[in-house]
Each structure stands twice: as C-alpha cells, then as structure tokens.
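Generate coordinates for the entire structure from the input sequences, incorporating the hints supplied.
One letter stands for each residue in the lines below.
There are 2 protein chains.
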Amino acid sequence: MSEKKHSPKQLALFKVHFKNGDISHMADTFRKLHPADQAKLFEELDSKAQLSLLQPLEIEEVADIFDELDDEETLEAAKDLSLPYLAQILDDMDPDEAADLLGDLSAHKMRRALSLMEETSDVLPLLHYPDETAGGRMTTEYLSLDQNTSAKEAIQFLRKSSPPTDIPYYLFVVDEARKLIGVTGLRELVCAEPQDAIAAIVDKDVISILATSDQEQAARLMQHYDLSALPVIDRENTLLGVISHDDILDVMEDEATEDIYRLASVSDTALEPNSALFKQLSGRLPWLLLNTITALFGSWIISNFEDLFIQVAVLAFFQSIVAAQGGNAASQNVAMIVRGLALGEMDTKKIWPVLFRQLAVSLTLGLIIGGLVGVGVGFWQGNLYLGLVLSLALLGNMLVAGVVGTLTPVMLQVLGYDPALASTVLVTALTDSLGFLIFLSLAQAFLPLIQQYI
Amino acid sequence: MSEKKHSPKQLALFKVHFKNGDISHMADTFRKLHPADQAKLFEELDSKAQLSLLQPLEIEEVADIFDELDDEETLEAAKDLSLPYLAQILDDMDPDEAADLLGDLSAHKMRRALSLMEETSDVLPLLHYPDETAGGRMTTEYLSLDQNTSAKEAIQFLRKSSPPTDIPYYLFVVDEARKLIGVTGLRELVCAEPQDAIAAIVDKDVISILATSDQEQAARLMQHYDLSALPVIDRENTLLGVISHDDILDVMEDEATEDIYRLASVSDTALEPNSALFKQLSGRLPWLLLNTITALFGSWIISNFEDLFIQVAVLAFFQSIVAAQGGNAASQNVAMIVRGLALGEMDTKKIWPVLFRQLAVSLTLGLIIGGLVGVGVGFWQGNLYLGLVLSLALLGNMLVAGVVGTLTPVMLQVLGYDPALASTVLVTALTDSLGFLIFLSLAQAFLPLIQQYI
Chain A
1 MSEKKHSPKQ LALFKVHFKN GDISHMADTF RKLHPADQAK LFEELDSKAQ
51 LSLLQPLEIE EVADIFDELD DEETLEAAKD LSLPYLAQIL DDMDPDEAAD
101 LLGDLSAHKM RRALSLMEET SDVLPLLHYP DETAGGRMTT EYLSLDQNTS
151 AKEAIQFLRK SSPPTDIPYY LFVVDEARKL IGVTGLRELV CAEPQDAIAA
201 IVDKDVISIL ATSDQEQAAR LMQHYDLSAL PVIDRENTLL GVISHDDILD
251 VMEDEATEDI YRLASVSDTA LEPNSALFKQ LSGRLPWLLL NTITALFGSW
301 IISNFEDLFI QVAVLAFFQS IVAAQGGNAA SQNVAMIVRG LALGEMDTKK
351 IWPVLFRQLA VSLTLGLIIG GLVGVGVGFW QGNLYLGLVL SLALLGNMLV
401 AGVVGTLTPV MLQVLGYDPA LASTVLVTAL TDSLGFLIFL SLAQAFLPLI
451 QQYI
Chain B
1 MSEKKHSPKQ LALFKVHFKN GDISHMADTF RKLHPADQAK LFEELDSKAQ
51 LSLLQPLEIE EVADIFDELD DEETLEAAKD LSLPYLAQIL DDMDPDEAAD
101 LLGDLSAHKM RRALSLMEET SDVLPLLHYP DETAGGRMTT EYLSLDQNTS
151 AKEAIQFLRK SSPPTDIPYY LFVVDEARKL IGVTGLRELV CAEPQDAIAA
201 IVDKDVISIL ATSDQEQAAR LMQHYDLSAL PVIDRENTLL GVISHDDILD
251 VMEDEATEDI YRLASVSDTA LEPNSALFKQ LSGRLPWLLL NTITALFGSW
301 IISNFEDLFI QVAVLAFFQS IVAAQGGNAA SQNVAMIVRG LALGEMDTKK
351 IWPVLFRQLA VSLTLGLIIG GLVGVGVGFW QGNLYLGLVL SLALLGNMLV
401 AGVVGTLTPV MLQVLGYDPA LASTVLVTAL TDSLGFLIFL SLAQAFLPLI
451 QQYI
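The listed protein sequences correspond, in order, to chains A and B.
The first sequence begins at 1 in my numbering and counts up by one.
The second sequence begins at 1 in my numbering and counts up by one.
One thing to keep in mind: the hints can contain errors.
Stated by the list, open to error - No more than 20 Å apart at the CA atoms, straight line, and that leaves these computed lysine-lysine pairs for PhoX-like:
no.	chain 1	residue 1	chain 2	residue 2
1	A	Lys349	B	Lys40
2	A	Lys15	B	Lys350
3	A	Lys9	B	Lys204
4	B	Lys350	A	Lys19
5	A	Lys19	B	Lys79
6	B	Lys40	A	Lys152
7	A	Lys349	B	Lys19
8	B	Lys79	B	Lys32
9	A	Lys152	A	Lys109
10	B	Lys160	A	Lys152
11	A	Lys15	A	Lys40
12	B	Lys15	A	Lys350
13	B	Lys40	A	Lys350
14	B	Lys79	B	Lys279
15	B	Lys349	A	Lys40
16	A	Lys40	B	Lys109
17	A	Lys15	B	Lys204
If you're looking for bench data, these hints aren't it; they were derived computationally from the structure.
Encoded structure:
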C-alpha cells in the first residue's frame, strides 16, 4: 500500500516514451510508477539516463528507488552523485539498505557520508554486521512496546506514529533495558479488550536469532515456523532489529543462485548473462583453469596406456563413455546432497544410511547401463570381451561416482565449506580420471582376449 | 503466535525419550511441541510410530501437523487412517492443504472423504486448480470487508471473528458481487478515524493474479512488490482466495530445487538422498539412458577416425580435454541463462546482445585456455603441431559451448518448456560430440605436420 502505484499502463507508456527518446514524458511517467518498477527500469538504463530520471524526483522518491535496487546497482548509481546529495538520500533510505550501501563505499567516502547525514543512530548499529549475517539483514525500523502499556494506549501510539508500510505486522514487547520479552500482533491488539495490559496478550515464546548468525539460518527459521518477521538479538537478549518477510525472499533467492552457480562452476554469484567481459572472465576462468589441470592429469593417466592404443585403437572410442556416465551420475548425487543439506532435510551425522542407499543405487544403475552398453558395443564391434570390459568399467565408475558424489559435499559441509563447491570440476575430475584408469586397466588385463576378435 | 510453543528444550527432551524408546513420555513431550517441529519429527518416524504419536492428539492438533507436512508425507500418513477419522482431520485442516491432500487421493477415496466431511464449501473451489497454479496455492481462509463498513465496525467484526493466526494481515475490500475493489491493512484500520468508511482507506491499486496463472508468477509478483499476501481472482475479477507469504517461500524453494535437479539431470524433484531404491532409479535412470545414446553417438564419431589413432595413438590422450572443457563452459552458460530467466532478469526477446557478449567471453576463454593447453601439451609431447591442433580445437569447442549453452535454454523457454531442461545431458551431448569432431578433423588435416615429430 505504497503511495506510488503499480500500473501496467504507466509501465507500458514509459517504454513507449523510452523508445521514442522522449525524455520529458519519460520522467513524467516514471514518477508515477511503483518504486519496484522504477528500480527495475532504472537498472536497464545507462548512467546518463539514470541521472536525468532522478533529477526531477524528490529525495524521498530517490530513496525509495535506492531501497529497491540490488546492492551493486545502488553502489553504481551512488558513484555519480555528490556526497551531500547522497547523504540526504541515505537519511531517507531504509536503515538496512542504507547500511548496506555505506558498507560498500570506500572507508573514506563512508566516513564523509556519515558526517553529512542528519540522523545516523539507526544506521550505525547495522554497520557492525557483515551483509550475510542476520544482523546485516535486519532493519532497525520496527515497532516495540513496553510490557506495561495497555492495548488502548498501544493502539493510540500506533495511530500517532503512522509507521511506514513495510514494517512487519508484529509488535515486539521489551522491558526497560530493551531485553526482548515476547511478541504480540496488531491483530491480538485489536481483538484484546482496550484496558488489557500488553503483558496479558504477549506471547513469551518468541523465536529469535543472534545478530551474528548466518542469514540462511534466519531464512530457515522463518520458513519452518511460517514467521513474517524475526527479531534479532545479541547474546544478552537485547532486541537489536527485525528481519522481515521480504528480506527473507531475497536471502532464499540469493542462496539458490549461489548453489546453482557453484554447482555449475561459476564463482561469482552476481554474474549475469550480459555482465561485462572482465567480470565474466573473473567469475568463470578460475574454475575452468582448475579443470584444465585436472583434465591434463586425466590425459597423463591415459598416456600411460599408449602401447594399448597402438595395439587396440578401438579402445579410444569408448574411454569417454565411462568417464561421462560417471560424471553424470556423480552430478545427480551432488545435486541431491547439496539440496538436502541446504533445506535441512539431511544431517551430516546420519551419513551412513545415505551412503549405503546411494551405493545400492549406483550398483543398480551400473548394472543396467553397463549391461546395455556392454551388449550394444559387444555386438557393434563384434567383440564381446570389449563389451565385457566396458560393462565392468561402467559398473566400477558408477560406484566411484556414488561414493565421491555423496561424500564430497558432506565432507565440505563438515569442514565448514559450502557443499555446493563439490561442483562439476571437483567431482567429475575424480570420476573422469578414475574412469579412464579403471577402463584402461581392465582392457590391459583382458588384452589377449580382446585381441582375439580384432 | 500459535498456542503450541517453539521450545528447543522440549525438542531435545523428545529426542531423548525417542532414543530410549519411551513411548508414553514421547507422546507427552510431542504434544507440547510447535506443529512445525512436530511435522519434522513425524516425518522421520516409521508409520507405526507415527500412528502411536497421533493417537493421544485431538483432531485439531493432528490437522495442524498435517498442514505442516510435505504433500507426499501427508498422503503417506493419510493412507493408514480410517476414512471417517481422515474426514474429521480434513475438516480442520487449512483449506488449501486439505484440497492438496484430497487431490492426491484416488478419485474414489476423494469422493468418499468429501461425503464424510462436515464442511466442504471452502475446499471444493480449490479442487479445480492444479497444485502448481496460483489457484492451487491460494487459501479460501482470508478476511474480506464490504466497502461500506466503517473502520469501527470492521474492528468489531475482527474482534468477533478472532481469525486464526496464519491469515495475512491484509483485508480485501469487495462489492456485493464479491468483485475485488481494493485492499486495506489492519494498520490502516487501526490508524483510521473510527467513523471512516472502509471506502476512504481502501487502496484501489491492488495487485492480483489470475487463479490459472503459474505459481512462479505469483512468487515473482510478491517478491517484486514486497507483498505478504496476494489476492487471487478469476477473469471477472471475483475474489477467489489469497496466497500468503509462507506459501510463497515454499514455491520459491520448490522452484529452486526443480532448477538444481533438472540442471543435474535428476527428473524427480521429490527425490531425496535416502529415497527408496525404485524412486531413485525412476528419477535418475531416464536421463542417464538418454546420455548413453548420446555418448554412443560420440563413440561413433570417434570410430570414423580409427585410422588416425593407429597412426598417432597420442591423440587418444587429449580428445577428452576438448570435450570436457566445452562441457564445463556450456554448463556455466546454461546456469547463468536459466537463473536469469527464472528471476526475470533476462528477456528472451533481447537475446542478441547476450549472445554477442557470450561469444566474446567464449572467444577470450578459448584463447586463454586453448593457448595454455596448447603450449603445455606442445612441450610435454615435444610436438608443437599437436599443441596447435589442441589449441584450435579448444577455441572452436568453447565457441560451440557459448552458442549452445546460451541458445538451448532460451529456445526451450520460447517453446514453452522449462529452460533448466537444457541440462548437462542435452547440452554436453553436443559439446562432447562436436568437440571430438573438431579435434579429430583438425588432427586429420594437420596429420603430416604432427607425424613429423612422432
């Protein structure tokens, strides 16, 4: 229920003006859009167009847009603004977003911006916490009530304070020292008898999180207990801030992107398909280089079997099948384990039943796929011993894939790393190399039998 | 603010009783837990233990647990219950969860359960919509007000109705025909003058979604506009139900799991690391079998170069590097495009700048990695022409990866399929086969030069 409107018509109109390069009408239409839509359009413009759109807007309106932008976009846009103007915007931004932006500025710029701001008491406490912690996600704009207030007084207080719309509909109850006592809702307040004290309708069994905890833990708590707001406390149970439901959607989205990117060996979570060339290289090249080394190691393993290829060139056709099937099976394992760990459905302490189950799956997959490929290739090449070697190698590499694909992410988690780092590169390096080794060793052992039919 | 408590102590206590097999204390502790925790523990038990835990609980308490369980778990638990008992539980469940469960029962069982239920008017309308649509996610338990009510009357109405806690804090305003007029909040109600008519504080610029729209679209809208509830309407603008913030967290989690699984060639989104063997096979084998066919196609391509291997066996060491690097680069591309499309940051109509950017990235990656590998292998094997062929093949396959990895997910999206189906299997089948073809064709062309140094 923002004052700015969500209007598909205005959005379409803006795009027409934009296409025609009609700056004055563009700015006019832009002002009428919902800040979320403004932010989305804003991101698509170059910095010159961005500046000309911001010019006619009030400070508050600019702050609303900045609140909606991605952290990187905000920083980008802030670079072109004068510090006194930026300080005014920071004063009007949501404290948590302002703190994120301040934290992204250079130390020197941050200090100057803070000195130019009118009100820093709500932002300063937030600067202590890294972006990815509960403290970094919380806002200091929330409503708290003293436990001795009556329901009627509380409603009167709410009427007077006319809080901004994006504050969650929970009211946190604190004592004189701001220790969190419990929570109550606007609904409980409305449904209570007017003379009731807040203490009578407070739910003391409040779920809270330490400011230093990881944001993902906050997301899990809010999802598990269907909370639309989560109070953030320090070790002394002092109420520091609140994380609201829309922040948690962003956390979940970020965490999913991170997992998808890491599993695909992309190391920069902020990378987008049209990011600048240098950014693309820095986010993609490191893993590909690592993969170059592991691939060369695979080549070295194969090179030890050079005599074998001279005698039976046909082996070169099939070594890749063993490696590829192992890699695919391992990727399936990694995806299931990474997701199970991320959603809290899997416990690293209960790994044995999972490993046992996965070995049974790998055995079955290996028998089916090994059997099919072995029979197929055996008849294609008229060489049943070649087929047999291929079957055994596929079975062996499937078992390797099951173990490596299951244990690598679990071990990473136990060691305190992100299990999604068990990406294609790490895990398939093993299934590739071992796949070559198993297949070529078996071929060596069965060489006289294979050669009978060459 | 449920009546059941979130209590880590009780949770720990339950686990001690469970370990000791102390059923009576287990049930006792279980009753005191938060339904979300009850559901989580419940899922870990076998069906016999589940039944013995449910026995001492009231119908309402069982319904609360069923509301929290995953759809599959609910169905599993429902199987063991008598139909009259199940009907009572269904009566007390959230209408959207009850509808999901009913939809999962056999047609015969569903009809019988419906006939045994006391109240089906809130569940029946929900049965029309598939699970994955906005209509399938909405609940019919929400608060709506007539536009002519006064703020004071509305508050009195709220006091009397004492709605359950998980209803979003939005009040939807409708006319006599239940057409959606707008939205107002409990906060606006509290802050308004008591005699004000609702019509005065209604925000007519309400964001809504059609019941037949995809749930992912609902999630995007709620995230973009920071909504904690989204009204669901039909084509005549009649208010049908509401999607609340906790439903949207589930949608986002499901969609992320689906993308991660599809990218890793796991076709069953409900698969977990310890799912039963048959379930694992049905979710993993189909893609691996498809990959068997594409891998055999790769083998066939290589087999056309048999003479080459007889002359230069060393080629067999390096063909896999070209295929592997192409596959990895393509996976990076696919991950970025799939995520960009899922988050609405990419538009399939603006594909050319993205493709152009990705070709520039592929070219640079190909030059760097091709250069390094070419020089390294050239010196290792003392054969600079072999190195040159490898460099060129890597460069060529990187360009293939850039095009295939970018266009495949985009084309799938345009054709109405999930872009994440451009998984390892589909995309790397192409980079593998073309990688072999490019490398071996180049080696054939440079054969006299390479052979000089063998």
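Results of checking the hints against the structure:
no., hint, verdict
1, A:Lys349 - B:Lys40, "holds (17 Å)"
2, A:Lys15 - B:Lys350, "holds (14 Å)"
3, A:Lys9 - B:Lys204, "holds (15 Å)"
4, B:Lys350 - A:Lys19, "holds (14 Å)"
5, A:Lys19 - B:Lys79, "violated (59 Å)"
6, B:Lys40 - A:Lys152, "violated (39 Å)"
7, A:Lys349 - B:Lys19, "holds (15 Å)"
8, B:Lys79 - B:Lys32, "violated (25 Å)"
9, A:Lys152 - A:Lys109, "violated (46 Å)"
10, B:Lys160 - A:Lys152, "holds (17 Å)"
11, A:Lys15 - A:Lys40, "holds (12 Å)"
12, B:Lys15 - A:Lys350, "holds (15 Å)"
13, B:Lys40 - A:Lys350, "holds (16 Å)"
14, B:Lys79 - B:Lys279, "holds (19 Å)"
15, B:Lys349 - A:Lys40, "holds (17 Å)"
16, A:Lys40 - B:Lys109, "violated (48 Å)"
17, A:Lys15 - B:Lys204, "violated (24 Å)"
Of the numbered hints stated above, those contradicted by the structure are hints 5, 6, 8, 9, 16 and 17, listed in ascending order.
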